[in-house]
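Protein chains in written order, with my numbering: chain A, 1 to 564; chain B, 1001 to 1157.
It cannot be assumed that every hint is accurate.
Computed list of lysine-lysine pairs in DSS-like fashion (alpha-carbon distance at most 25 Å, straight line) [to be verified]:
1. 309/A / 1069/B
2. 309/A / 1065/B
3. 1065/B / 195/A
4. 142/A / 1003/B
5. 1069/B / 187/A
6. 309/A / 1075/B
7. 367/A / 499/A
8. 183/A / 43/A
9. 1003/B / 309/A
These are computed hints drawn from the structure, not numbers from a lab.
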Amino acid sequence: MKMSGAQMVCEAIIKEGCKYVFGYPGGAIMNVYDEIYKQDSFKHILTRHEQAAVHAADAYARVSGEVGVAMVTSGPGFTNAVTGLATAYMDSIPLVVISGQIPISLIGTDGFQEVDAVGISRSCTKHNYLVRDIKDLPRILKEAFYIARSGRPGPVLVDIPKDITSQEDEFNYPDSVDIPTYKPSYKGNNRQIKKAVDAILQAKKPLLYIGGGTVLSNAYKEVRELAKICGIPAVETLMARGVMGHDNELLVGMPGMHGSYASNMAMSESDLIISLGARFDDRVTGKLSEFAKYADIIHIDIDPANIGKIVDVDYPIVGDIKIVTQKLIEQIKDKVKPQRYEVWRSILKRYDEIHPLTFEDSNEVIKPQWVIKRLGEIVGDKATITSDVGQHQMWAAQFYPFSRPRQWVNSGGLGTMGYGLPAAIGAKTADSSKIVINVTGDGSILMNVQELVTAAEYDIPVINVILNNHFLGMVRQWQTFFYEKRYSETDLSYQPDWKKLVEACGGIGYNVTTKDEFDKALNDAIEKKKVTFINVAVDRFENVLPMVPAGGALYNMMLEYKER
Amino acid sequence: MQKVRRVISVIVQNEAQVLARVSGLFAGRGYNIDSLTVASIPNSHMSHMTIVTRGSARVIEQIIKQLHKLIPVYKVIEHDSMVEKEMVLIKFALKDINIADIQALFEAYNGGVVNAGENMIIAMAADESKRIDHCIEAAQNYNPIEIVRSGVVAMER
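Kindly generate the complete structure, drawing on both the sequences and the hints.
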C-alpha cells in the first residue's frame, strides 16, 4: 500500500503494538504529528519537555516490559531528549525515539533547528539511524524495534528528515528482521553451564549477585527458584530491587556504596559469586583490588562486553538470564544439598543481626527513612515506586519493602535528577492498577517540575513524596564527610511554596511536619486520585548509611557518623 | 599492566557513519588508535578496516568486544599470525640526492622510485611497520621534503 513516510511511522508504531507515545511536536516532525491526529490506535501524551517524554517512555518500558516510544522534533527537541537516551542506555531500557530532522537537501548547511542527531547520540544509543531514502524507512523502523528489545536492550534513535515523512512510497512492513551483523546469543554454552554447576556444588560460600538484567529478562521466578532449591543467599543491586522479594529468607540485601553491612560482607567473604545480569559497577564493587578477594566468579550476561570488563571471571557464560538459569536449575536440582551452605547462611544472618540496616527514629522531627518505611506499610505491594536521584533514592532502595521486579523504577546507571516525575507518569500509564509514588527530594523534583501539568491534564494521579531537607542532600552529605562541612552551593533554604506550585498546575499539595500529618496526607492523596505533592519536612542533616567511601574497600563501611 | 601492540581487522557493513561509529568508540572509551585504514571489499557490501592499537590485555579484549557490539560490525579479527604491510611515500629534492642511492635504499624496503620530476623524485616502500620506521630513518640522510605513511593493512596467514 502506498503511503507517506509520516503514515509509515504511525503504522509501524501500531504494528509493534504500542498503545502510548510520549512526545512533543515541532517543525521537522509535524508531518508525523498530522498523522497522529488522524488515527486512534495509540494515544499520544504531550509532555511539557522532551526530556520528560523520553523518561516517561523509559519508565513505561521498565514497568510494562514493552518497548517505549518517544517522539521529538529536530534541533533543540532532539538535544533535550539526549539525557533521556543516555539514561535509558545506561540502564539497558528498550526505547525507540523518533526525531524529526530538517530536509535532506538542507542537512549540513546549519539550517534552522539542525543538529547532527546521529552524531550526538552515537555514544548513548544502542544504535541509531538517519533515514536517507523512504525506501529504507519500513525496514529501519522494524529494525529499530527489534534492536531495542533484543539482546541487551537499549534505546534506538531514528532520525527522519522532513522531506522523507512527506514523500510517498510502498509500505511493506517486514515480518522479521535479518541483520547479518547482529545475532545476540541467548542460550549459554552448555559446557560452561556444566562447569558453573560443578563450581556451585564445590563452593562453601556461594552468593547470588542479582542485577538489573534479571528484571530485563523477566527471570525473577527462575532466580528465586535457583536460590531456593540450592539454599544460596542473594544480594540484589539497585537495579534489581524486588527480584527476590523483601520477605525472602535468602535475600541478604543490597550491596555497594550504601548497601547493608551483611550484603557487603557477603560479597567480601564469598568464595563463589554468581553474577546474574549484573555488571560490577564501581558503586557496587568499591576498591577493585579488595573486591571479592576470595571468590571465583561465575558471570552470566547477555552482553559479552560486560564479562571481564571490570573483574576477572572464572566461569563466563554469555546468554539470557532466564534461559541460563533454567538450565542451571535443571542440572543442579538433583545434586545440590542446601544444608551444605547452612553455616554460610547463618554467618550472614549473624552479620545482619549485628549491624542491621537501621536508623534512629525521632519524635521531634520526621526521619526520611521513617517516611519510606511508613510508605511501605501503607501501600506496600499495591504501589509502583519511582525515584529521582540522591539521598531519597538510596533510602527508598534501602527501606522500601519491594515484593516484585518492575515495582522499583529509578535511574541507576546515569543517576539522572529529574527522572522521577516523568517516570511516574510513564509508570502509571503502563500499569494504572498500581498507586504510583515518586519518592523525590527538594532538589530533584524541580528538574522536571513542569510535568505536573502533564499529569494534571491527562488525569494521571501520581503522588510525589518530597523528602524535603532544604539541601542537595547527597552532595551535602559528601561535603559533611569529605569537605569539612563547606556547604558549597547545596543549601536550598530558598524554596518555592510547594502547595501553591502543585495547585497552580492542577494538583493538590500537602505540607507535612508530623507523622500523623503524613499518614493523613498520603491517604487523602490516594483517595483524591490527583497529581499531588506531599512535602515532608525531614531532618536536615540525616545521612545515608552505611557508606563505603568512593574508592574504599567494600568491607570498610562507615556505619555511623560521629560529629567531630 | 603491560601495553601490547595489536593489529585488529574489522569487517563492517559498508554504510554511512560506520567509520564514525568505530572511531567514536575508540575516542569515547579512551582507546588508542595508532593507525586506521579502511577500504571497501570488492564485490560485497562490506568494508575492511585495519586498526593498530595498543593497550593492556584487558583493554584489548574490551576493544574487541565493544567493536563486536556495534550493529554494523560483522567480524573482528585479532591478528596473531599475519602478514602486515604498510606503505610510505617520500619526496626528495634532486639536488640533495643521487637517484641510484635512493633506488637502492628503497629496494631494500620492498619498493623503489615511483615518480620523477624536474626537481624532485618520489620513492615508495611497502613493508612491515617496524621496517618502514627504519626506512624513514635512513631517508633522513637525504633531507626528505615530505613523508606520507599509509597505516597498516594486514591479513591472517
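Given pair status - residue 499/A, residue 367/A, alpha carbons within 25 Å: Holds - the C-alpha atoms of residue 499/A and residue 367/A are around 21 Å apart, at most 25 Å.
25 Å Cα cutoff - pair residue 1003/B, residue 309/A: Holds. Residue 1003/B to residue 309/A sits at ~16 Å (cutoff 25 Å).
Restraint status (C-alpha distance of residue 309/A to residue 1069/B at most 25 Å): Answer holds: residue 309/A to residue 1069/B is near 14 Å, not above 25 Å.
Hint consistency between residue 309/A and residue 1065/B [alpha-carbon to alpha-carbon, up to 25 Å]: 9 Å, holds
Pairwise hint evaluation, residue 1003/B against residue 142/A, where the allowed Cα distance is 25 Å at most: 42 Å, violated
Straight-line alpha-carbon gap residue 1069/B to residue 187/A, limit 25 Å: Given that 25 Å is the threshold and the Cα spacing comes to 18 Å, the pair holds.
Distance restraint between residue 309/A and residue 1075/B, which requires alpha-carbon spacing of 25 Å or less: 20 Å, holds
Residue 183/A paired with residue 43/A [C-alpha distance capped at 25 Å]: Given pair residue 183/A, residue 43/A is violated - Cα atoms ~33 Å apart, limit 25 Å.
Residue 1065/B paired with residue 195/A [C-alpha distance capped at 25 Å]: Within the cut-off at roughly 23 Å; holds.
Going down the numbered hints, you'll see the structure goes against 4 and 8, while the others check out.
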